[in-house]
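Residue-level listing of the chains:
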Amino acid sequence: MLPLTWDIVVQGIGEVGKLIFFVAVAVISLEVVAYLILVKWLKFKNALPFMLMLPALAGVAILILYPFGFNIYLAFSNMSMYRFKEFSVGWQYGISNLLDVFRVPVLQRVTFFQLFLRTFIWTAINVVFHVLGGLILAILLNRPMRGKAIYRTLLVVPWAIPQVIAALAWRCEFHYQYGFVNILLEKLGLRAVQWMSDPFWAFIAVVVVNIWLGIPFMMVTILGGLQSISPDYYDAAQIDGASGWQQFRFITLPLLNPILTPAIILGVIWTFNNFNVIYLVTGGGPMEGTDILVTSLYKAVFEFYRYGFGAAYSLVIFLFLLVFSVIYLRISGGFKGAWEA
Amino acid sequence: MRRVFVRMLVCVMLIAMIVPLGAFAQKNMTITLWTKESEAEGVLQEIIELTKEFGKAHPGVEFEVVNYGVEDLRQNFQSAAFAGAGPDLLWTVSDHAGPFEAMKLIKPVDALFGAGYIDKFVKPGIEAVELGGKVWGVPLSVGNHLMLLYNKKLVASPPKNTDELIKVGKELTKDLDGDGKPDQYALVYNLNEPFWFAAWMGGFGAWPLDGTEPTLNTPGVVDALQFVYDLKFTHKIVPMECDYDAADSLFKEGKAAMIINGDWSLSGYLTDEVKKNVELGVARIPMVTKTGLWPSPMTSGIYFMFPEYVSADKEAVIKDFVEYICSEEIQLLFLEKYMRLPALESALKSPLVTDDPIVKGSSDQMVVGKPMPTVPEMRAAWDAIRPNQEAVMAGKATPADAAKAMQEACENLIREMKK
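Top line first, the protein sequences correspond to chains X and B. Start counting the first sequence at 131; every next residue gets the next number (the working numbering). Start counting the second sequence at 5; every next residue gets the next number (the working numbering).
Hints are not guaranteed to be accurate.
As the list claims (entries may be wrong) - As a list, the in silico DSSO-like pairs of lysine-lysine whose alpha-carbon atoms are at most 30 Å apart: (1) B:Lys259 - B:Lys185; (2) B:Lys156 - B:Lys174; (3) B:Lys341 - B:Lys323; (4) B:Lys279 - B:Lys256; (5) X:Lys317 - B:Lys256; (6) X:Lys215 - B:Lys138; (7) B:Lys236 - X:Lys317; (8) B:Lys240 - X:Lys215; (9) B:Lys341 - X:Lys148; (10) B:Lys40 - X:Lys148; (11) X:Lys215 - B:Lys318; (12) X:Lys215 - B:Lys111; (13) B:Lys156 - X:Lys317.
Said to hold, decoys possible - A few chain X residues facing chain B, derived, Cβ under 10 Å: (14) Asn208; (15) Tyr212; (16) Phe214; (17) Arg301; (18) Trp325; (19) Met326; (20) Pro329; (21) Gly354; (22) Glu418.
To be clear, the hints were calculated from the coordinates, so they are not data collected in a lab. Since this is a predicted model, take the numbers as computed values, not measurements. Where a beta carbon is used, it is the ideal one built from N, C-alpha and C, also for glycine.
The shape of chain B in the complex, shown without the other chains:
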């Protein structure tokens, strides 16, 4: 018994020694990249290919690419960074910069790359991640903004203003089979989601925050709430219930003439299957007739962010990788394949941007967009807006009461967050 036990012990010890020795022998550098990009559009596969391509020029450098949903990436990074571990590089959205900066989890990139490099990118792209006078991310693409997408098979030209939208909308919302319910809608979008409501807010001259102060109980917000309420209950040109997936499906199936959706969705409407039902057109969300203002969707973008704990030797390689991905060539590749607007000033002047009607429509909408506030207080604003917007869209609260409740909730949440 004792002999068996001793032999077993020796075996375990030997194997335990060999495994780490093998790791030393390889001398490879593995860089862990967490990205919010998924397989659905093929972007994750593209990233993996790009890391392999980069690895060819950097022998010994390997990448481990891990995909998380946007919210999961934020939460998992917070937990991992708290434990002093986690990824070496983040490929994520601009609104993460606020909380990550407040938590001291990422480092500024302007010092790392130098002002000359950062200046190559478009201004709104840099402003979206500028906090406390420092830049906290390198932009991969800008936009991430909503726009009006329309099906030319159902509507020849998009409405220019909200009056026209309502007029055309009533004609386009049709009960085709006579069962008393519409089978085709004029407009679909994620009715209860604050990100979509923010565009209308801008059209009515309102905005959720002024710096870090909530500005939700304003006449503009009340009017915007009244407007979205009317689209549903008075003019009945949007479905009674419509979340993102429902809107997306209705548009793809040719059952909705127009959809308000983001630039991330464009490539999905250009597939051969969807083209059978949809001939895509891109335009600005119609101007609000009452104010004469264009709705201003929030603009942000996709950024590289650097965790603060990354070692200097890794950082040098990561810096090279970021410069490689943010080169004009790769940014234009992402534009061509996935309709992502480049963040490099020079790439935006490419004929690929100026000559393509869909990309041109997208960039035309971006011009009237507003950068999404990156400050952590925006989190409180989102969560204050959501239930009250839902209340209005369910006919359970008046726009005035909802706006008042939003303001109070946002102030309370900010107070609690700062405790």
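So that you can see chain X by itself, here it is in the shape it has in the complex:
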């Protein structure tokens, strides 16, 4: 390991400080320009809210809108390894790239539709277990009990560990001979499983890891929601003779909906696009058996240099998620309150 010397510390602070300084200068300059235009020149009544939002809007534009626009531009190009700098852009390339997503095998063994189905199964299993696990744990933690803070801290540990470290640790635990999963199975009298050689079991392995990693987020989110429900509702229900299940069904669930809807949408998007866990635990293998859409997209772009195709492919994935989010919001009515307000 490199020793941590004062030189390195000073250099690190200097670099971070420089960045903060330039960001501060940019924000102040932006605000000055906005002030001169909105307040001095246009004498705009709602200048202050606009000025307050401006840095965030600029950040979104630089970090999201520009890359997204550039991605669309690349989707209509023939950029590849052999046309890295001198690529052409045109409708014909865009159409061809988009069609290729569906008609050409994205990887060697699996096509887009197989990958889509696998991604769907991966997302559904993970999100269902995240929500169920998170809900059960949150309800348990929401009751009065001794040592609640300790339980809560321990349950959040998977979330607190950097995902890379957790995934690599799990990868070792699925080792055929030395991993604790197989040792446990053998102690229970079951046969050891070749987790990293058999595509089916490898898929189960990555699902287990991701469920383990994802439950704490849902638990914390739902716990926050549960604590915001007034106990008066439950008192009234108990007076009316409602059972525990009825209280859960008619009080807890409806009042959790505004919390659950964004959490589930986020959960679906994160899981659908979860690259880290699969890449670190199995690398998409064996036999491409654990590849999902995003890992295959990564391979297409960074291993095969198919930049135009990759950009079109990422647009298709984005559109799927957009359609899902819109439909889910309509059906669940999760943001109804926000719209009505």
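Chain X is already provided as a structure; the job is to place chain B on it using the hints.
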């Protein structure tokens, strides 16, 4: 309010002016070097020290050394170079030369240094980065090849051929605690990784590419797949699952008699802690009895590559730095400390190479190795081999079917890459 605002504005303007003025006042040249070397072996620290040493003779020249994993370095350099920025010098592996040359991101070095300088290096070292009649990297060290490493505490002499390997292997794979599972293995290596499989391919007279054409559906490839399948399922002398880390740990702990690993790993097996379990010996990977051929691990090396956008004034300093690092003295330092085989013809004749049994074993293996194809098509070959090799090693495909699938996949990938 207005006064405060104006004062704030003046302060910001002043500071904004002072920062760039300070930068001008320094008049330093900072050279950004991206290297694939990490801290683990101590090579990164060594590089930093060498840049400081070089800086003493070149006042005003400073280096910023950044470490990336091999794949991250490739991807990050592509992205940075596309944006017209990035490092001034690359310290990386030979297989990056193919894609970087195709993307026009690096410049040839033969024109930069002259043929006289390039001729000082061993031929395979130069051939590994020769594309379109031009040389695209200056070799720091050659090799990067696999070899058979054995633990003399468990096996006195290494097997000479595959028949002997299997015979000895069955004796060395032992269930020591009687739980029905082996606790000591004869041989460990990264079973599912195509780079390891390529050595066996060579032993069966096959190779992934002929120029830029895939040659994966051949009897040699089928035989090689059958052989690695048999090691696992028929002779059972390798673990049921074994990736790089597992193989490395088993060997270091003295639970494996032999490992197939690269020259980069040698120094890791010579530490005091590992020496408690391992008395290291180095030999060629056993000859394939059926063909009478030595397995031919892919050879490559570590190279300096020059991004095409580097300015002329920086280039002159970088050239000096490359000549300094590639000098005989520094190459021998890397050999002594990190077991890296020098790329300079003269350094290879040093007693440090000829008299050390481990280095000698390594160079003896390199002689039968084959340069890794640098053409971009090799990328397609790797990715075509991997899932099909995995299928064979999981008992899910026959060697013949896997070889056929490899060929088809490779042809498809090359077609898509060229679209």
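Here is what the structure says about each hint:
1. Proximity of Lys259 (chain B) to Lys185 (chain B) is assessed by CA-CA distance (about 13 Å); at most 30 Å being required, the pair is judged to hold.
2. Restraint check for Lys156 (chain B) and Lys174 (chain B): the C-alpha separation of about 17 Å stays at or below 30 Å, so the hint holds.
3. Taken as a hint, the Lys341 (chain B) and Lys323 (chain B) pair is honoured in the structure, with Cα atoms around 24 Å apart against an allowance of 30 Å.
4. Between Lys279 (chain B) and Lys256 (chain B) the alpha-carbon distance is near 8 Å, which keeps this suggested pair within the 30 Å criterion.
5. Among the hinted pairs, Lys317 (chain X) with Lys256 (chain B) is consistent with the structure: their alpha-carbon atoms are about 27 Å apart, no more than 30 Å.
6. With a C-alpha separation of about 21 Å, the suggested pairing of Lys215 (chain X) with Lys138 (chain B) holds against the 30 Å cut-off.
7. Among the hinted pairs, Lys236 (chain B) with Lys317 (chain X) is consistent with the structure: their alpha-carbon atoms are about 25 Å apart, no more than 30 Å.
8. Distance hint between Lys240 (chain B) and Lys215 (chain X) is unfulfilled; the C-alpha atoms sit about 51 Å from each other, more than 30 Å.
9. Only pairs whose Cα atoms come within 30 Å are accepted, and Lys341 (chain B) paired with Lys148 (chain X) is rejected, the gap being roughly 38 Å.
10. As the CA atoms of Lys40 (chain B) and Lys148 (chain X) are separated by approximately 27 Å, the hinted pair is consistent with the 30 Å bound.
11. With a CA separation close to 23 Å, the supplied pair Lys215 (chain X) and Lys318 (chain B) stays within the 30 Å bound.
12. Of the supplied pair hints, the one linking Lys215 (chain X) and Lys111 (chain B) holds, its CA atoms being roughly 15 Å apart against a limit of 30 Å.
13. About 35 Å separates the Cα atoms of Lys156 (chain B) and Lys317 (chain X), which puts this hinted pair outside 30 Å; it is violated.
14. Hint status for Asn208 (chain X) relative to chain B: holds, with the closest Cβ pair at about 7 Å, below 10 Å.
15. Interface restraint check: Tyr212 (chain X) against chain B, minimum CB-CB distance 6 Å, threshold 10 Å, status holds.
16. A cut of 10 Å between beta carbons decides the hint on Phe214 (chain X): the least distance to chain B is about 4 Å, and the hint holds.
17. Hint on Arg301 (chain X) holds. Least Cβ distance to chain B is approximately 9 Å, under the 10 Å limit.
18. With a least beta-carbon distance of about 8 Å to chain B, the hint placing Trp325 (chain X) at the interface is held under the 10 Å criterion.
19. Proximity of Met326 (chain X) to chain B holds as hinted, the smallest CB-CB distance being about 5 Å (cut-off 10 Å).
20. At its closest, the beta carbon of Pro329 (chain X) sits 8 Å from a beta carbon of chain B; the interface hint therefore holds under the 10 Å criterion.
21. For Gly354 (chain X), the suggested interface contact is broken, since its CB lies about 37 Å from the closest CB of chain B, more than 10 Å.
22. Interface hint at Glu418 (chain X): satisfied, since its Cβ lies 5 Å from the closest Cβ of chain B, which is below the 10 Å cut-off.
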